[in-house]
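Protein sequences appear in the order of chains Z and H. The first sequence begins at 57 in the working numbering and counts up one residue at a time. The second sequence begins at 1339 in the working numbering and counts up one residue at a time.
Some hints here could point you the wrong way.
Only part of the chain Z face toward chain H is listed, based on derived beta-carbon distances under 7 Å [stated by the list, open to error]:
#1 T126
#2 S139
#3 F140
#4 H193
Rather than coming from a laboratory, the hints here were simulated on the basis of the structure. Note that the Cβ used here is the ideal one computed from N, Cα and C, for glycine as well.
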Amino acid sequence: MIIFIKVFKRREEKRRGFLWCIAKSRRSERMARSSSKDAQDLFRALWSAYAATPTNLKIIDLYVMFAVFTALIQVVYMALVGSFPFNSFLSGVLSCVGTAVLAVCLRIQVNKENKEFKDLAPERAFADFVLCNLVLHLVIMNFLG
Amino acid sequence: MANKVKRGVAVLLVAMSKLIFVFLAFIPLLCTSFSPERPSDRRVLVLLDDFAVKSSHSLFFNSLKSRGFDLHFHLADDPKIALQRYGQYLYDALILFSPTIERFGGSVDAAAILDFVDSGHDLIVAADSNASDLIREIATECGVDFDEDPASMVVDHSGYAVSATEGDHTLIASDDFIKSDVILGSKKIEAPVLFQGIGHSLNPTNSLVLKALSASPSAFSANPKSKLTSPPSLTGSSISLVSVIQARNNARILISGSLSMFSNRFFRSGVQKAGSPTKHEKSGNEQFFTELSKWVFHERGHLKAVHMQHHKVGEANEPAIYRINDDLEFSVEIFEWSGTSWEPYVADDVQVQFYMMSPYVLKTLSTNGKGRYFTSFKVPDVYGVFQFKVEYEKLGYTTLSLSKQIPVRPFRHNEYERFIPAAYPYYGAAFSMMAGFFILTAVHLYSK
């Protein structure tokens, strides 16, 4: 978190610097080079911060990524092929979106750093997740066509 | 003694059965009135001011008689005349050749005559200058307004009929006929029609009334005996000399501003229109009124539609319900009454509507020339209660208005397509999400 704030501050300075540079276009090349270097620094910092995340949360993140990616593929496919079995398209995309949303909810509830749910047992959170998924997939199966 | 009684009873029975047989034999004769199967009129009541008209107009009446009409002549003020008895009309048509009558005899009045027309019977009215208020009232109800000045006549100083004496140009020769083969027959009327009488105008709000014979643009309606002080109220070709009306119930009415048009004198006289070099031996009146009376008395231009059918393509039976996007075939048979038999009606403008609040499908029907009209179309992608409608309104022909109700249902839930190839990626996504769920469950539970 602290790293985040530091990075943000540095970035803010650079942004102001960039605006200032628009007037003095002579320096712009050097600035662009330094801002791409900053972005690299930013992602490296983000990655190192994320590396500290517990493994079970990382797995959930992977799962969410997978769901969102599948949804995007379907949207692109629909744009190419047309919206004919529209109910199938909706159920396909909504199953991905629903899965992602439920996984995010699970991640929030089982995260130990999240003080809001410290009274909620992770087993209870997981049972909720399973139940909601069952309902979601039942609906999706009915709507799939 | 007993034998004698028995024989007497037997003789009586034989006599009675003969009587019943004779009565039965006459029933068909009693039933020759108007019927949908034979739409031509049979019994015609002719009301006259004066029996002299019967002989002075005998050519017209004889032409009707020769075509099988049963004419009943009565004086218009005869107290015994009645249009109906016990709720049944006694006549199929009425000819009013009594322009000056102020009150009909018996139970007949203007309202009774209009009821007669409202129940589908035909009417010919001949007015004349000095037409009575009664005749004017009947005409007004039919959408025809006679010139209000009772002494006025149609005068035409350029389209008059040339005669030995110069006259006052009230005898006019008109050849401005309605352009309709079904009303005036397919044979062109060569000679102009002679007219001498009162002009009328058509009520612009009445869309059913038509000018069968119009005056020329140089005609006007005024009293020929007095000097013209103010502009005449009716001028030019807006003056109608003879008008026809087909009511919405297919009753037909002919209104003429001249009684003498129908007379033997006009039928026989030669005619030469002023300014025209050709002199016709015989005026067009006879042909004009013979053809017009054929139309008015439903000997021509009467259509009937039968056997309205529809079915799915490839099937023969009429279904009780259609599904959206079904392909169907529709057919109807239309015949025209020729005066003696039903002939196939041939036209290329009969249309069918597939109608629910508005026509979803409007198709022109093709015909096989033998009266059958057919088409095929796809039921629209809309469900609800539809109607097949054939609304056929053509100048001179009776109106055909048919409709048949048919419901259209959506697909049943098991009639939809399953496993559409285009949807496989969506199926794959849904199932991979389920698989992902199982894997996540396993990993989440055992990764601690």
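- Hints broken by the structure, by number, lowest first? The structure conflicts with hint 2 only, although it agrees with all the remaining ones.
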